[in-house]
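**Student:** Based on these hints, arrange chain B on the given structure of chain A.
Read top to bottom, the protein sequences are chains A and B. Quick note on this note's numbering: the first sequence kicks off at 948 and runs consecutively. Quick note on this note's numbering: the second sequence kicks off at 948 and runs consecutively.
Please note: incorrect hints may appear among the correct ones.
Since copy identity is lost for identical chains, a pair holds within one copy or between any two.
To be verified - Straight-line alpha carbon distances no greater than 25 Å define the calculated DMTMM-like cross-link-like pairs of lysine to aspartate or glutamate that follow:
#1 K1321 to D1131
#2 K1418 to D1623
#3 K1355 to E1267
#4 K1322 to E1093
#5 K1355 to D1214
No lab work stands behind these hints, which were simulated from the structure alone.
There are 2 protein chains.
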Amino acid sequence: MASQTSPASVRSSAEIPLRPAKATRKDAGVRNGRIPIASHRPSVPGGRFAPSAFVGEAVPFTVAAFREGHDRIGVHLRLTSPSGVSTLHRLRPLEDGFDTWQVSVALLEQGTWKFRFETFGDDYATWRHAAELKIAAGVDPILMREMGARLFDGAAAEKTRPADERAALTTAAHTLRDESVDDDAALVVVRDPGLARAFADRPAVSLHTLHEENTLLVERERAGVGAWYEFFPRSEGAERMPDGTVRSGTFRTATKRLPAVAAMGFDVLYLPPIHPIGEVNRKGPNNTLDAGPGDPGSPWAIGSAAGGHDAVHPALGTLEDFRAFVDAAAEQGLEMALDLALQAAPDHPWVTEHPEWFTTLPDGSIAFAENPPKKYQDIYPVNFDNDPVGIRTEVLRIVQHWIRQGVKIFRVDNPHTKPLQFWEWLIRTVNAEHPDVVFLAEAFTRPMPMRALAQSGFQQSYSYFTWRNTKTEIEEFFASISDETADFMRPNLFVNTPDILTEYLQFGGRPAYRIRAALAATAGGSYGVYAGYELYENVARPGSEENIDNEKYEYKFRDWEAAEAAGDSLAPYLRRLNEIRRAHPALRQLRGLHLLGSDDDAIVAYAKHLPAALSPTGESDTIIVVANVDPHSARETTVHVDSELWGLPRGHDYDVEDLVTGARWTWNEHNYVRLDAFAEPVHILHVKARS
Amino acid sequence: MASQTSPASVRSSAEIPLRPAKATRKDAGVRNGRIPIASHRPSVPGGRFAPSAFVGEAVPFTVAAFREGHDRIGVHLRLTSPSGVSTLHRLRPLEDGFDTWQVSVALLEQGTWKFRFETFGDDYATWRHAAELKIAAGVDPILMREMGARLFDGAAAEKTRPADERAALTTAAHTLRDESVDDDAALVVVRDPGLARAFADRPAVSLHTLHEENTLLVERERAGVGAWYEFFPRSEGAERMPDGTVRSGTFRTATKRLPAVAAMGFDVLYLPPIHPIGEVNRKGPNNTLDAGPGDPGSPWAIGSAAGGHDAVHPALGTLEDFRAFVDAAAEQGLEMALDLALQAAPDHPWVTEHPEWFTTLPDGSIAFAENPPKKYQDIYPVNFDNDPVGIRTEVLRIVQHWIRQGVKIFRVDNPHTKPLQFWEWLIRTVNAEHPDVVFLAEAFTRPMPMRALAQSGFQQSYSYFTWRNTKTEIEEFFASISDETADFMRPNLFVNTPDILTEYLQFGGRPAYRIRAALAATAGGSYGVYAGYELYENVARPGSEENIDNEKYEYKFRDWEAAEAAGDSLAPYLRRLNEIRRAHPALRQLRGLHLLGSDDDAIVAYAKHLPAALSPTGESDTIIVVANVDPHSARETTVHVDSELWGLPRGHDYDVEDLVTGARWTWNEHNYVRLDAFAEPVHILHVKARS
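The shape of chain A in the complex, shown without the other chains (with noise of 0.2 Å):
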């Protein structure tokens, strides 16, 4: 329907020419415009925060727009991208009963866009169902034709339009005024549909009215479209000697590992903290308080008598190894993931140099971490009250001189337990010099605080995914994290990490690992994977979520190879899962994740649809996962598909191939799936255009 060639800053199904934004004359003092809107997104909830969205996104772009009485209206949402280039683009009303319209589009320019909507009368569309009925009905049928002439010269007179509309337009006057014409053929001219394209893109506009201008935040791809993995370098490459002791492995060891993660199909590698481990009270194996020598203690207790952090572990080699480790990653086509944990070990160099940035109790001594009676003795937490700009201060130079080491994601440990507005400040600060770094927060608690770190600026956010396992949680949450809280919170679906081995996962089996797998790969933009998910870890420290002899205390051997060549791994299956999220932009889209229906109460079913419009390839692209979420069962059940969404009306055939096991079927509204969570679990089904 695009008139003209789309600037390179956007996609979209329903561009038209640009007009200036010229309105009707604002009236002081009243809130209301002439043809008034309510609420609209994107939009934070209180109002307080800007959207955000990420390059590439599809984003409706909704509001609630009426005006008085039975005349017909028109909505146009107007795009200015961060360098200044404006585009005009067509809401459709949605007919839900609540006044909605809505277009989407795809942003591609990373920068602060500004939106507004503008209304106004569409005196076609009104001339043109009154003209419609009353001519039909012979109720002032002279008159109607001379309402449509007068509108259809005036449309005439505008020389925007094309020469060939503006002829069709004046010939359509002349037709409508004959008087040898009769009403039949003036009817032909009301509903003639060319007249009606015309006036789509180049409406007959009163009362035009403009209404406030937002801003919407377009963070780079990344910042909500990727597949992460997650490793312990000192793990790779670590060698047990005769002697019993362990070689840690470092950045030149863990470097080999490099090429199979990237064979996988990852974008990111996270790292735990590089930083020196403290040696005061450092935990053993298994989360215990008497580490021996040779126990290299968990990352997250940052700091030694060799640094704090800014530093890299001695073991894991220099400052220079992990430049190099970072640029063999990116050759690789990874992206490197730092983890930011604010806080400290006993030994940090901070508690000596800064101890006003800890909290010094009555008896003289630092606080420890604590969740009363219980108390974390190989941690400090800061206090961000004492010196909030020492702290600050110190904090910047930190992510900078990790940011000048080329790592442009932080991956941020608990930031639920520091100030929201420490964080709202650095991101803020780290972003105006730096756009292109992304903060993702680990926070694992209650909905607001989650919601607040998102909308304070992270750019991705650690989920509650990990706990939703049934059919109706997990429905439930991927109807959340794709409308209500798309508008600023981007979240990656971790499948597992140190710190999380669900009782899902623990009792499962191996299917389990192939479905929450699948699931997470095809429902968000952003999903992560801890090292071992491949290899099926799946023991537990009893009476815990972790995993038994949890990597944070000690190093872990693992023989992917083996496991591979021996029919093992899932590494084959979370390969397959991401060259499909690559091949299919569809799946990499966080918002318009569509439910389908499903007669089992462990089948989960869902659509995500891109138009071609909208597509980075041109094409449409179609997919619907059909997932068994019981881990123990084969089920049949009928899926409920309505292939309107994809533009095809309801009651058609259509083919579908599972890119998992190239099988085909033909698929119309109600289809029969078996699902034997032992042989493939999943169904990821991809909507063939029919020839």
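**Tutor:** Just chain B now, with coordinates in the frame of chain A:
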């Protein structure tokens, strides 16, 4: 709990001593406060308009508030009345998983209030929580005791505390530091409820954070609460003459009906337009196009040679008669509401004096109202865009004219067919000079325009009530009006109007009239009855939802006394409903309706509760309504009540009295109920305190 006399401006169960509104340094450019908040209520979605309430309404002030880590917080509400009196109120956490804090306050002064939330670290609560766990576990007891002693020292030094409290705090500090006091005895101090109370009223505050100031418009009580009665004055005292013609009722004859309306307990008397009625294209009986010479026409076809919107219909009397009628009503406790219908009969003086206030068609004629292809030839709609200033000036003049005649309530006819910004301007302009004037929006349209009218200034709104008849519909509707829209919309639950005689009333028999009146009178703050309802007038014009022989087009002759004497009138029931409303302040509330469960699909149950501290009587008031909404059956079921709503722990017996029949029962959590639609379809139960 309040330790001081409340100023007359509020009623609150959580008022605490005022303290200065000083807070931690504001962090320039950072939008989060040190202890942040997220969305709050009262508020209007979209944030462009201020929320509103009415005098005496118990308004829940709600905010999501949280801080980093585990330390405890407190939240205060600072209210400033229009006359500048500030009060402070303690919010309590709702423990709903969404960090919601709430306090309800009844605002007693009309005008624009300011309110802001304040958050702070609650150092006493943080210490008490840690001390209780740690001392009991033998972890750092000396340290915890010293920290408590310092906290108490600080509080004891506050000169604003009562002397006995300061002494108790000093003693507690001494005890905690006394080495001869063992830890078990120290724990008694930690748990001391008297000390907890001292800190509840005057908390030990750290990181005090002041949030943005918001406004809340509090309108007079009648904006939210009232029982309305509607009659056509021309019918009251109309007489059929021997020659078959009718002599119109007048303001003088209608005056005779006032005592009966007042005796039924109504607060507001609403009159359809009282202006001259157009002669041109006048409608005849049952909306026919051929009015006879004796047909009085529709009062909404305003204007004739006798005058327009500022004139009184000569058949009703003079302007002086109208003023006398207003005065007579006031003497009976009835406030007058006039209709404001901005449209003109073809012979309205405006049409010749100001043809620019209408739409002129290409053929030179003025456009009738229409819904294509239908035309309404007795009405010209006003065009607000040709001469907006002229129209505004004229309408303002008319409204001010009627205000001078003693009218302070306007029922606005079809406001959704006029520009929203016109209403926003009119209501703001009128209220600036006359804050007591109430506008009721008669808009039956889609939800968004209805809400927008309320948000833009209408004090009161007609609602979907008449079309919500099944249990599910009623529950959803009551939940919506008492919560979702209550910050900006005050619905008037008319049970019928000259335009609305629903199928439920047409076919539900007399039980239907009783059921609908009881629901309307008890669920919202305002409700209304159009004359004839008490006579069970239930015959519709075939194919329509209006009464046959509609009073809009003719005179009605009703013998109220005869019907009541024959026991064939609902008037005694309406009288009792209005008595109950006057006696029970819980029923004069809009917010805070609590749906109760029942096991029958036609039995609706809900409770309204006003705590003693918020009640004008100083006594707690709790009402439980149980209604069988199936007018054709007797039903039995169990009604489930959570008595914690009014502070009685679950599982306790309590007494209820049916305020209609006087019957008494003992109730508990699960209560058997039998409701026979043909006998008494609704219980209105008053919960009695047990002696």
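**Student:** A separate judgement is required for each hint: does it hold in the structure or not?
**Tutor:** Here is how each hint holds up against the structure:
Only between protomers do K1321 and D1131 lie at most 25 Å apart by alpha-carbon distance; the minimum there is 20 Å, versus 86 Å within a single protomer. In this assembly of identical chains, K1418 and D1623 lie within 25 Å of each other by CA distance solely inside one copy; the values are 16 Å within and 43 Å between copies. In the homo-oligomer, the alpha carbons of K1355 and E1267 lie at most 25 Å apart inside one protomer (17 Å), although the nearest pairing across protomers, at 81 Å, exceeds that limit. Taking the shortest alpha-carbon separations for K1322 and E1093, only the inter-copy value of 19 Å comes in at or below 25 Å, while the best intra-copy value is 85 Å.
Taking the shortest alpha-carbon separations for K1355 and D1214, only the intra-copy value of 13 Å comes in at or below 25 Å, while the best inter-copy value is 68 Å.
Hint violations for this structure: none, all hints satisfied.
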